[in-house]
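Peer 1: In order, the protein sequences belong to chains X and L. To convert, count from 1 in the first sequence and add 1; that's this note's numbering. To convert, count from 1 in the second sequence and add 4; that's this note's numbering.
These aren't lab readings, by the way, just hints derived from the structure by calculation. Honestly, I wouldn't trust all of these hints.
Claimed, not checked - On the chain L side, residues computed to face chain X include the following (Cβ under 10 Å):
hint, residue
1, Pro36
2, Asp40
3, Leu49
4, Pro71
5, Cys93
6, Cys96
7, Gly97
8, Ser125
Note that CB positions come from ideal geometry on N, CA and C, so glycine has one too.
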Amino acid sequence: MNTRRFSLTVILTMMIITFRIRTSVADDSHVASVAGNCQPDHNASDIGTYNVVNGVITVSSPSIFYCSVPLAKIGTIYALRLTASGNAHEVSAKLIRWSKGDGSTWEMGTISSSGSGVQGILQGISPETYDPTTYNYYFQVTISDSAGVFYGLEMIGTATDTAPHAYQTVASACQPEPNTIDSGRYLVSSGGTVTFKGSATGTIKMYCQIPTKAPMFPWSQFRVYYKNNSSTSYIKASLIKMNRSGGTRTALATVNSQSGTNDNAFRSVSTPTPSEDMDMNVYYYYIVLEISRTSSTQTPKAYALTIDN
Amino acid sequence: MKRFLLAIILLVGTAKVSNAERLLFTGNSCAPTDFDYYFNTFRVLSTASDIFKWKPDLTGTMNLTCPIPHTLSSSPTTLTIYFVNDDDCPLCGTEAITVNYVKMSRTTGAVTTVASVSSTSSPVVGSAFTSVSTTFSDTYDTGSYIYFLYVYMARNTSLNDQMLFGGELF
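Start from the sequences and build out the full structure, keeping to the hints where you can.
Peer 2: As structure tokens, this is what we get:
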């Protein structure tokens, strides 16, 4: 091989390496959850030690919650973010992985509230390759007293895929807020639906996690699938963003069965998503699902929610 | 030398920088049903790997729904669960942890079980951490369906200390 061809080959190789590194670390990737999306442990749900308002959790006594890390487009995990209010350790979170080989767990990093007033705390952790082949991941959050307020959290890593992926969830995969649990008014089916139990009336409220980037802009649709037989009862879903630093919330889109057909057949109603890209660096995103009725003759049932084209 | 450099180019050019895409779920972060929340049938022990398990004195069936919140890039073919299910204790023989991979029609709302994996197909006898997988073939069509996972944990006796760690779909 002559010198010129050798040099060309080396340059080509370096260009490919550079391209692949740049495409793999060009952006951050996030897996996020607002507090209301997290599962209370048995003590919290049984004794009723917690409350959820606008996706934010407060407690009356020490409580533990678990937040999902379902699907990550991450190469290397290197930071955690916790949005909370409270003195040190009044709200604390651990990112935990467990081995698929023996079930053993390992704390990859911890993060804690650091003062009153809502703060978005960013905490670096020892970088570790995201390895869903070997490990499964979740967050454990502890709120130690009533002064701690938990807004949301996320893990951050190098992006392996920055493209938004269409979002979908069945209603029963969303987390009910504690008033809904305690009232005993809702009923979940193995088909993924949520409706009222027996003759119960009122409002069922659930929080649905949007862990990673979903498609927005007006060419995407935010849609709810439902059955309903009355123009008085309704199934309503609100797409909301929460600022990671201050906890302020903005409703981005709302869909309501009252603007659709209510003939007790399977239906859907949708609205275009906002003309803004999801900015996972600044906001948490989530959906509030509400099912409401005033009479047991009304039969609203939520099936699913989607954000896609 | 020429072949060596060519090999490097091919290796670097085709090497994947992304992980295999896997939908992960854990028992402690799926959604228990209304019954399980209301009657507090479950325990999540923060002192023991945060596993999802039965309240000690209860029997019956617990259920969880786990979302598949973002669409996968290709059709999944494998469903795996990680669990403890004592199939060797008295009266435990028929008890099982089962996870169904389900699709809901966007046209009718009807659901179809695409794949099911059960602890009963595990060769491990007794109470030990283990896993079991099933493979399947089904066109992943998010334009026509909404996908989710539905968990059944059934036991007849509290002698079986069933535990669900979680699972994966890929």
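Peer 1: All hints, please: hold or fail.
Peer 2: Here's how the hints hold up against the structure:
Interface hint status for Pro36/L: upheld, as the beta-carbon distance to the closest one in chain X is roughly 7 Å, under 10 Å. Because the closest C-beta pair between Asp40/L and chain X is about 9 Å apart, less than 10 Å, the hint holds. Interface hint at Leu49/L: satisfied, since its Cβ lies 9 Å from the closest Cβ of chain X, which is below the 10 Å cut-off. Residue-level restraint check for Pro71/L holds (minimum Cβ-Cβ distance to chain X is 4 Å; threshold 10 Å).
Interface hint status for Cys93/L: violated, as the beta-carbon distance to the closest one in chain X is roughly 19 Å, over 10 Å. About 20 Å separates the beta-carbon of Cys96/L from the nearest beta-carbon of chain X, more than 10 Å, and the hint is not met. Using the Cβ-Cβ criterion of 10 Å, the hint placing Gly97/L at the interface with chain X is not satisfied: the shortest such distance is roughly 23 Å. For Ser125/L, the suggested interface contact is broken, since its CB lies about 17 Å from the closest CB of chain X, more than 10 Å.
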